[in-house]
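Enquirer: Residue numbers (the working numbering), protein chains in the order written: chain W, 1 to 313; chain Z, 314 to 633; chain H, 634 to 887.
If you are wondering where the hints come from, they were derived from the structure by calculation, not from laboratory data. Don't be surprised by glycine CBs; every beta carbon is placed ideally from N, CA and C. Fair warning: there could be bad hints in the mix.
Pair ranges (Cβ atoms, derived) [to be verified]:
| no. | chain 1 | residue 1 | chain 2 | residue 2 | range |
| --- | --- | --- | --- | --- | --- |
| 1 | Z | M314 | W | Y4 | 55 to 63 Å |
| 2 | W | R230 | Z | K462 | 50 to 58 Å |
| 3 | H | H727 | Z | I504 | 16 to 24 Å |
Subject to a maximum C-alpha distance of 16 Å in a straight line, what follows is the list of computed EDC-like cross-link-like pairs (lysine to aspartate or glutamate) [unchecked claim]:
| no. | chain 1 | residue 1 | chain 2 | residue 2 |
| --- | --- | --- | --- | --- |
| 4 | W | K214 | Z | D434 |
| 5 | H | K831 | H | E667 |
| 6 | H | K800 | H | E827 |
| 7 | H | K857 | H | E676 |
| 8 | W | K214 | Z | E395 |
| 9 | Z | K499 | H | E808 |
| 10 | W | K214 | Z | D373 |
| 11 | Z | K499 | H | E676 |
| 12 | Z | K466 | W | D305 |
| 13 | Z | K437 | Z | E426 |
| 14 | H | K826 | H | E676 |
| 15 | H | K826 | Z | E576 |
| 16 | W | K214 | Z | E426 |
| 17 | W | K214 | Z | E393 |
| 18 | H | K686 | H | E808 |
| 19 | Z | K403 | Z | D382 |
The primary structure of each chain is shown beneath.
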Amino acid sequence: MLKYIVKRLLVMLLVLWAVSTMTYFMVHVTPGDAATAIVFNLTGGTNMDEELIERINKRFDLDKPVYVQYFNWLLGVFRMDFGISYRYNMPVMDMIKARLPNTARLGLTAVFLSALIGIPLGVLSALRQNRLLDHTSRVATLFIGSVPGFLSGLVLIIIFSLKLKWFPTSGMKTAGSIVLPAVTLALGMVATTTRMMRTGMLDVLRQDFMVVAKAKGIRRSSMLVSHAFRNALPSIVTVIGLQIGHILGGSVLVETIFAWPGLGSLLNDAVSNRDTPMLEGCVILITFGYTAINLLVDVVYAWLDPRVKYTEG
Amino acid sequence: MEPVLRIDDLCVGFHVRDRVVNIINHVSLHIGENEVLGLIGETGCGKSVTGSAVLRLLPDNAVVAGQIDYRGKALLPMSEHEFNRLRGAKIVSVPQSPSTSLNPMMTVGMQVEECLTRRPDYSKKAQQVPVRERVQQIFERLRLNERGKIFRKYPCELSGGMCQRVLISMGAITNADLIVVDEPTKAVDWILRAGVVDVLRKMKEDYRCAMMMITHDIGVARALSNRIAVMYAGEIVETGTAGQVLDHPQHPYTADLISALPENGFHVTEGFMPSFEEMPAACRYQDRCAHCVEACRSGKPEMHETEPGHFVYCHRCRGE
Amino acid sequence: MLLELRNVTKTYWSGVMRNKAFHAVKDVNLEIGEREIFGIIGESGSGKTTTCKIIMGLLKPTSGAVLYQGEDITKLGKAKWHELRKSIQMIFQHPQMTFNPRSTVYSACAEPIRIYKLAKDADEEREMVLGILDRVGVSRDQLEKYPHEISGGQAQRLSIARTLLLKPSLLICDEPTSMLDISVQAQILSLLKEIHGKENLTLLYISHNLDVVAAICDRIAVMKDGEIVEMGNTDEVFSSPKHDYTKRLLSARI
Chain W
1 MLKYIVKRLL
11 VMLLVLWAVS
21 TMTYFMVHVT
31 PGDAATAIVF
41 NLTGGTNMDE
51 ELIERINKRF
61 DLDKPVYVQY
71 FNWLLGVFRM
81 DFGISYRYNM
91 PVMDMIKARL
101 PNTARLGLTA
111 VFLSALIGIP
121 LGVLSALRQN
131 RLLDHTSRVA
141 TLFIGSVPGF
151 LSGLVLIIIF
161 SLKLKWFPTS
171 GMKTAGSIVL
181 PAVTLALGMV
191 ATTTRMMRTG
201 MLDVLRQDFM
211 VVAKAKGIRR
221 SSMLVSHAFR
231 NALPSIVTVI
241 GLQIGHILGG
251 SVLVETIFAW
261 PGLGSLLNDA
271 VSNRDTPMLE
281 GCVILITFGY
291 TAINLLVDVV
301 YAWLDPRVKY
311 TEG
Chain Z
314 MEPVLRIDDL
324 CVGFHVRDRV
334 VNIINHVSLH
344 IGENEVLGLI
354 GETGCGKSVT
364 GSAVLRLLPD
374 NAVVAGQIDY
384 RGKALLPMSE
394 HEFNRLRGAK
404 IVSVPQSPST
414 SLNPMMTVGM
424 QVEECLTRRP
434 DYSKKAQQVP
444 VRERVQQIFE
454 RLRLNERGKI
464 FRKYPCELSG
474 GMCQRVLISM
484 GAITNADLIV
494 VDEPTKAVDW
504 ILRAGVVDVL
514 RKMKEDYRCA
524 MMMITHDIGV
534 ARALSNRIAV
544 MYAGEIVETG
554 TAGQVLDHPQ
564 HPYTADLISA
574 LPENGFHVTE
584 GFMPSFEEMP
594 AACRYQDRCA
604 HCVEACRSGK
614 PEMHETEPGH
624 FVYCHRCRGE
Chain H
634 MLLELRNVTK
644 TYWSGVMRNK
654 AFHAVKDVNL
664 EIGEREIFGI
674 IGESGSGKTT
684 TCKIIMGLLK
694 PTSGAVLYQG
704 EDITKLGKAK
714 WHELRKSIQM
724 IFQHPQMTFN
734 PRSTVYSACA
744 EPIRIYKLAK
754 DADEEREMVL
764 GILDRVGVSR
774 DQLEKYPHEI
784 SGGQAQRLSI
794 ARTLLLKPSL
804 LICDEPTSML
814 DISVQAQILS
824 LLKEIHGKEN
834 LTLLYISHNL
844 DVVAAICDRI
854 AVMKDGEIVE
864 MGNTDEVFSS
874 PKHDYTKRLL
884 SARI
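Throw the hints in and build the complete structure from the sequences for me.
Expert: So this is what it looks like as C-alpha cells:
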C-alpha cells in the first residue's frame, strides 16, 4: 500500500509542477504589458506616467528576463509565498487564506447534499430497475441536471428569497446563506451521482457472487449492504472525488450569482485584471486541491478494492 | 428409508420472447442418505439448471412444474421465507467458477463465516463453539495452509485451488444434509483436479452428507459417485451405480460418451445435441444414435430395469 | 528435424532496480521430427505458452536458437517472417477469443486468403472458404454468424480451418480442448489426427491433460518452472517415469 501511495504522490508533484509552469508561461506570453495594466488600474487610465510604469517594473521585478522571474516565483511557491497581488497590493497568500474556507464549505456542502440524494436514489433505482421509480428518477435528475447553474440559481433566488423570504439573496452573512448556493451546485451534480450509483449497483447485482450469497441463505439486508452496496462503493467514491475536485474551480458562476466570497470569484477577478500573481496563486491552489483529492480517491479506492494493489501496486 | 432428495417429474422451462422453451423434461431422480449422485452430461444438457431448481435459484423467467422433496417435505410450494431456512443450512451449494463466485472485496474468512452469522436464524448465544473457531477448523481440515492468516486474505491473493477449497468450506461449515456441487473441476489444472477430488472425498467421509455432483468430467464422477445419472438434452437417459453405468452402459448415448474418452480412443459421434427450441419428439437422441429404429421416432422411450438398480430409457432395451 | 530448440532461455526482469530475474523458460532443448506429434505437458506457469510464442516468433528469446528446417528463425527479419508464418501456425485454448468479434465467420476465414493473396478474385476466395469448411465439418449456414453465436467446438474447428488454408507444416496446438466437453474434444482430436495424416503436418500439442496426451502424442516433454524435466516416447515416459514431477503428474490420474 505504501509503495502505491508514494508512486501516486510523485505523480501528483509532477502534475503540479507541469500545470503551474504551463500557466506561468501562458500568462507571460500573452500580449499586454503587466506594468501598463497595473498603472491603468491604479490611475483609471488618466495618468499613464512613464516613470510610474518604470517604478512598477522595478518593484515587481518585471524588467528582469522571464526565466529569472519564473525561477524566483518557483522559489516563492516552495515557501508558500505567491507574491503581492497587483490589484489589491496585498500578499496573495493572505487573500487566498481568507477566501479558501468559504469555497471549501460551499463545495463540501454541495457534494454532501448531492450524495445525500443521489446515493439512496441510485440504489433504489437499481433495485427497482425499469419500474416506475427508476424511470421517474432518471428523467427527473436528467432534467434538473440539464438546467444551467445560473438559471437554477436565479429561479431558486426568486422562489425562496424573494417570494418566500426563507433565505437571503446573496452574501455570506447568515447561517442560512449557504443553503441556496449549495443547493444550486448540488442540483448540477445530482444527476451524475444518481446515475453512477445506479450503474455501479446494477453491475454488482448481476455478478455470480450475488447468486452465491442468496444460495447461502443470508439475510437480504446483509446481501444488499455487505455485498452489493459495499462492492459498488469504489465507483461512487471516484465520482464524488471528481465532483469535489471540480467544485474547487468550477463554482465561479454560483459564487458570482450569490456574491459568495470564495476562491472562484477571486480567480475570475484576477483574470480580468491581469493580476498575474493572484492568478498563478489561485491556479496552483486549485490544482493542488484537485490532485490531492484525486490522490485521496485513489488511496480510498485501493483500500476498498483489494485487487487494485495486486495489479498495480 | 426416506431419500434425502427426491425429484419427481420435474419440468423447467424459460420464457424467451413470447414463448416458453422447455429445458428439463420430466426428470426424476433420488439421492439417499450419505449418497453421492453424479449427474453427468455435456455442457448445455440441463444439469446446472437441475441443480439450480433444487436450490430454487432459477432466474425470474423460469417456469417450474413437478415435485422436489427434501426428506419428504415438498420444496417448490414453500414460501421464500420458509425455504430460506433450509437453503444455505441443510441444502447448500458449492458453485462453479471460484474466480467469480467469491466476492472480490470481502475476506475469504468472512465469506465462510457469514454462511452462519448472517442468516436470519443465527443466534450467537446458541453457538457451542465460536463461529470463527469453526471456520479456522474447516480451513485446517481442507488443508488451506497458514491457518490463522488465510481468514483475512482476499480472493485475489489466493490461487485458484485455494479459492476452490474456500467454496467447499462454505458448503462444509453448515453441516448440511445435501450439497449440490456444480462442476468442481471445470477449467482446472491436472494436479489441481486430483486435489479437488481428494478434498471432496474427504468432505464426504468427514461430514457424511449426500451430494449431487454435477460434472461433465467422467473421471471425477467415477471417483466420487456412488450412483450416476446420465442426462441428455434435458432428460435422464440412464441411472445406476457408478460401476453399472460406466462399465456396462446400456443407453447408446452413455456408451458413445464413454467411448469418446481419450483413453478409449476418442470415438466421435456425429452431430450435435439439438437446440431446446427445436427438440425432436419422442427420443431426443434419434438423430445421432447408431441403433435408431422406427419406434424411436414415434414413441417416448420407457424406463427399463436392465439389472437391479440399473435403469435405462431406451426402446432397444425392451425385452432385455 | 523440422524444429530444434537449442538452449532457449527467456528471462524477465522486475523490481525497482530491474534486478529480480524470472526465468519463464530456462535452457530448453528439444527436437521435433517431421510428421511427428510431439506433446508438451505442464501446468499453468510451466513456461509452455512462452515456449510456443518463441517458436512463433512472437517473443524473442533472451538466449538460444530456434532452428526451423535448419535455419535460425530468431534472427529473421519481418519480411522473412511474413513468409514463414504460412508454415508455422497455431490454435489456442479459447478459440472464440481469437476471432474478431466484429467480423463474421466468413470474414475470419477469408482473412488469411486476403493477406497472402491466395485467391484471384472473390469467387475463388469463396470457393476456398466453403471447401475448407466442408473439410473441417462446419455447416455452411454458420458463415454469416459472429464468434459469440457459435459454440466452442465449432469455433475450434474454424480456427483449424483458418490455419489449414495456409497449408502449414507445423501446427502448434495450445490446450485446444481444455475448455471443451468430452464429445467435442473427441471431435477435435479426431480432426487433428486426420489432418495430421492427410496434410503432412507436424503437430506440437500442449496440454495439462495426461489422458489426451497419452492418446495422441508420439513423444512428449514434461515442463516445470520453465525447464524440461523429462522427455521421451510417450509410452516409456508414462510406464517408467524418472523425474519426481512426472511421477506426481501420473499419480494425479483419478
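Enquirer: All the hints need checking, so say for each whether the structure fits it.
Expert: Okay, the hints, checked on the actual structure:
1. M314/Z / Y4/W: 55 to 63 Å: holds (59 Å)
2. R230/W / K462/Z: 50 to 58 Å: violated (23 Å)
3. H727/H / I504/Z: 16 to 24 Å: holds (21 Å)
4. K214/W / D434/Z: Holds. K214/W to D434/Z sits at ~15 Å (cutoff 16 Å).
5. K831/H / E667/H: holds (14 Å)
6. K800/H / E827/H: holds (14 Å)
7. K857/H / E676/H: holds (7 Å)
8. K214/W / E395/Z: holds (14 Å)
9. K499/Z / E808/H: holds (14 Å)
10. K214/W / D373/Z: holds (14 Å)
11. K499/Z / E676/H: Between K499/Z and E676/H the Cα gap is close to 15 Å, so the pair holds against 16 Å.
12. K466/Z / D305/W: Given that 16 Å is the threshold and the Cα spacing comes to 12 Å, the pair holds.
13. K437/Z / E426/Z: holds (12 Å)
14. K826/H / E676/H: violated (24 Å)
15. K826/H / E576/Z: Given pair K826/H, E576/Z holds - Cα atoms ~15 Å apart, limit 16 Å.
16. K214/W / E426/Z: holds (15 Å)
17. K214/W / E393/Z: Measuring from Cα to Cα gives roughly 11 Å; hence the hint holds.
18. K686/H / E808/H: Within the cut-off at roughly 14 Å; holds.
19. K403/Z / D382/Z: holds (13 Å)
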